[in-house]
Amino acid sequence: MRIDRKFTRDAKGAYGDLEFATTTSEIRNPDGTIVFRLEGLEVPAGWSQVASDVLAQKYFRKAGVAAKLRKVREKGVPEFLWRSVPDEDALAELPEDERFGGEVKATQVFDRLAGAWAYWGWKGGYFTKEADARAYFDEMRYMLATQRAAPNSPQWFNTGLHWAYGIDGPSQGHFYVDHKTGKLTKSASAYEHPQPHACFIQSVADDLVNEGGIMDLWVREARLFKYGSGTGTNFSSLRGEGEALSGGGRSSGLMGFLKIGDRAAGAIKSGGTTRRAAKMVICDADHPDVEQFINWKVIEEQKVASLVAGSKSHEARLNEIFAAIRGWDGSLEDAVDPKANEALKSAVKAAKKAAIPETYVKRVLDYAKQGYDSIEFPTYDTDWDSDAYSSVSGQNSNNSVRVTDAFLQAVRDDADWELIRRTDGKVAKTIKARDLWEQIGHAAWACADPGIQFHDTVNAWHTCPEDGAIRGSNPCSEYMFLDDTACNLASMNLLTFYKDGQFQADDYIHASRLWTVTLEISVLMAQFPSKEIAQRSYDFRTLGLGYANIGGLLMQMGLGYDSDEGRAICGALTAIMTGVSYATSAEMAAELGAFPGYPSNSEHMLRVIRNHRTAAYGKDKGYEKLAIKPVPLDHANCPDARLIELATQAWDKALTLGEKHGYRNAQATVIAPTGTIGLVMDCDTTGIEPDFALVKFKKLAGGGYFKIINRSVPAALETLGYGSAEIEEIVSYAVGHGTLGNAPGINHTALLGHGFGAAEIDKIEAALPSAFDIRFVFNQWTLGEEFCTDVLGIPAAKLADPTFDMLTSLGFTRQQIEAANDHVCGTMTLEGAPHLKTEHYVVFDCANPCGKKGKRYLGVESHITMMAAAQSFISGAISKTINMANDATIEDCQSAYELSWSLGVKANALYRDGSKLSQPLAAALIEDDDEAEEVLTSGTPQAKAQVLAEKIVEKIIVKEVVRSHREKLPERRKGYTQKAIVGGHKVYLRTGEYKDGALGEIFIDMHKEGAGFRAMMNNFAIAVSVGLQYGVPLEEFVDAFTFTRFEPAGMVQGNDSIKNATSILDYIFRELAVSYLDRTDLAHVKPEGAAFDDLGGGETEGKPNVAPVSESAASKSLEVLKQISSTGYLRKRMPQELVLLQGGGGGAVALDAGISVEGAVTALEGSTAIGAISMDARAKARIQGYEGDPCGECGNYTLVRNGTCMKCNTCGGTSGCS
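So the sequence shown is numbered by my numbering: it starts at 1 and just counts up by one.
Don't take every hint at face value.
SDA-like cross-link-like pairs, simulated, lysine to any residue; straight-line CA separation at most 25 Å [stated by the list, open to error]:
1. Lys531 to Gly16
2. Lys995 to Leu1034
3. Lys339 to Ala309
4. Lys71 to Glu96
5. Lys660 to His604
6. Lys186 to Arg83
7. Lys303 to Ser252
8. Lys625 to Leu606
9. Lys625 to Asp640
10. Lys1086 to Gly16
11. Lys345 to Ile375
12. Lys629 to Leu655
13. Lys653 to Asp640
14. Lys531 to Ser252
15. Lys362 to Glu342
16. Lys995 to His985
17. Lys339 to Gly371
18. Lys362 to Ala340
19. Lys362 to Val392
Simulated from the structure, these hints should not be mistaken for lab results.
Please put together the full structure from these sequences, using the hints given.
So, in structure tokens, the structure goes:
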């Protein structure tokens, strides 16, 4: 293939036109001692601190990189592509501790990735001349360095280690197909053939114990789960309950085996030590056991509810009987006789009315006769790890139902629906399709499962039906292909192609072509965890090219996410990407041959390509064998006519070349969650997602954050025709002016009238830029106790009173305080901004309401229609969960599914806020408070957050203050960041430590939740931080908040020790207890295990492959480990995986030394002034976040305000598919 240069010049190479800068990354122990400090970390100058930290701490190889390397001559390979190995002679001249280390420059990572791709590409015959290989090498490195695109995490972890550094190890039981001979080969090396794939689909046969059967699947799943990958399987081949077995007898049915698999997954999850990925379980709508499958989780959670309620009822009623006996003033004989003891009679009657078994009632009476005066009846709670949940099944997978067009038509017609036996194809049961649909809608509404996959839509776009139907997907549902295949992913950052008000389409086309080549080369070089997957991945060579940042791009272009123009741009860019990718695939087929499965499927694949092309031409008719017509490219509404032209040209070329040469790949594109790579690319939004907030928090290299407007906003305003002065006012409305100088209500003049002097006003002004709320700065720590008591006349006792509000005491009204607060700190929204026309509001609509005043947000339909605009041009599918409001109905859920089907979307999952069984945190906090209960029942999300926050303060902060002053944290402090997925929701926990390693602050960042919940969580971070700084022992928080239950809850991915959580708070304090208190009793897995880039063991799993090390060697290895890893982060055990530390969780409010308990109270209450907000001039009360840096999975990797809350726009890691 010929590779042209677009970004680089031969004379200057990849980096000649780029500037680089240095920064620092650190890892510290909980006691504050430094065990890893990377100074002089070199990264491209334009990278944010977050991106730099993620690269260094997540993707840098930490050990085994030789200080001196030598090239290994290889015949037929250009010298610049010769692989390197340690230069033993040169290393011998160095001190022993300087011979090996880790990567320290971003260019080392870029070089090893692009170098390995170019090396394998050359060996595979992908380049016409050496100049093409060199051009490819430079162009790929340039795109990595300029954040134009990135591959999925397994590439960063594994690719190029053998080529660049000679790192190797014994075979892990993997397989690959030799590209020269075409033979399936067992790997002889751990790293020569890297493992770049993370998404898997596996098959299961209707067989109990043989290879490929049910029990074998649990083993195959275990291997993938153990090493952090995700897998999906359609279980519809298994016979239903009661169907005949070949040896006589009846089958126990689908559900019995799913429960076994669920238990197995749960055990591995509890026993493993590396990050987890989800498991997808799929059942066809015509399976005899589909009704049980649909209602599986609903019923299991009902069991939990019954256990919890029943056990507590038993304890209460039985002890009431004891109380009645103890209260009897007379003989024991009469005390235990209901006829004599009227109180006992009433208690027994109440127990029977509550359905307490008579056996237990009699048992209590017998106990009493024997001298006992109480009973300890075991009670259960809704803690995910409680005995109640451990006794039920279905908690370790995502469930989806595969529905056909025939079924959905039967729903419309209210027709019958037949459930088919798997053994003989006869009808097992006939039900109403609408009844089954109602069950699906109710289950999704009640517990967020099952999702829906539209079987006929998926297979109508199937390129290889001769080899079987597509029946399954990976856990995130973006990769849909044949069973026993895998996919490796890469995503392009769309915003990097937007320059000077124009989308640089030529650059985008060039990047799409080269990344298609890269993913194809990755198939050639890869090894796989099983023979079947290795063979089929070779035979079909599916790719997963995608993009991120469509939301950020549309806003910068001045287009609304929910607009015809926005959808047209999305469709055009998607069409160009996939069209170019397929054309490139055909180009490679001309040189290397089509994929082995192509000849038998050529007619089908060309039909699919023609349908894509027809959609690109914007036609409503002319589609071949499609029952559901796709959404065509909207030519009329696309504001850039050239994109339409390029889209049609791309598909013309893809079809013409494909007809002539075939295709090298059966699939080319998906829209995937991009996890950590979104951080590395500094994106604003993930693949198909809209933006999540208008105000971002930029991390400073030296620590700390400052508030800025989303970088897309000024650009959008300029595009919309606003002048610079108007833009400045609009931006200030959102982010605030940072001064009281011209503020309404409370300003310098007003303060002078209350006795404030110039010195005091200067102190206030100095503190305002870092304030979350102006009330933070009006306190004795900012102004000095002497001024407050002598000049303002405030008694010292009042200053120390947590309920004291200085501004209110000075006579300012709530309206005046709120007006001044909006002026100084900003509204966090553009609604109501001066000069901004209401017709332009749509451009700035986000996924959730922004700020306290924001009302607008994108509805369910806008998400689905955007998916549909892109789906017409995607080979696979789109990973996306549609969030719905808590008040959404069952009918709303069904309507969302039906709209998705009608528009040609291949799969959809819904999450209704608060849909899963839980005992909300509110239940424990508002006990005996009718007013608070009323607010939580009928109040706004902001009001609910306020009440919850107040109760948190009452529960811990106010009652547990043990210091008379606040212990200041160091200005530059250390800690660690732990990313995890709790119940499918991304969470960042970041800690801040004192010099002695004691915990002093926390940040909690997340997304995908309602505004009220996020407000409560972020305000909660304030409360905890203040409490810690006033001396509240961490143990108090741990005891108070572990085992609380509210959504999100469920399986925890990404944490080596915490595997299930009943709530975010339960997860947070389990993690803190394990890391800072060594409370291994709260861990599900005792911290120990292997490194993040270990490969699966394959057939050799569990077998020793190295000889025992000597005592001296072990000691030496331990010393090396101490030099490169934090024992606090590692919990004083062997490392699991390195996570983002200094990159931190972007968004929760972190409180520095100055803010008082009073400050926390008011901060928690948002706009309600019930407590004094006290903070000195140096305090840094910040909402932690990242500057418009897109997260591949959640849409942003910054935390920003929505209402009174923060939203995490970061994923920060991979769940096995990125």
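Tested hints:
no.	hint	result
1	Lys531 to Gly16	violated, 44 Å
2	Lys995 to Leu1034	holds, 17 Å
3	Lys339 to Ala309	violated, 30 Å
4	Lys71 to Glu96	holds, 22 Å
5	Lys660 to His604	holds, 15 Å
6	Lys186 to Arg83	holds, 22 Å
7	Lys303 to Ser252	holds, 21 Å
8	Lys625 to Leu606	holds, 12 Å
9	Lys625 to Asp640	violated, 31 Å
10	Lys1086 to Gly16	violated, 48 Å
11	Lys345 to Ile375	holds, 18 Å
12	Lys629 to Leu655	holds, 20 Å
13	Lys653 to Asp640	holds, 21 Å
14	Lys531 to Ser252	violated, 30 Å
15	Lys362 to Glu342	holds, 17 Å
16	Lys995 to His985	violated, 32 Å
17	Lys339 to Gly371	holds, 20 Å
18	Lys362 to Ala340	holds, 16 Å
19	Lys362 to Val392	violated, 30 Å
Figure legend: structure checked against the earlier numbered hints; hints not met, in rising order: 1, 3, 9, 10, 14, 16 and 19.
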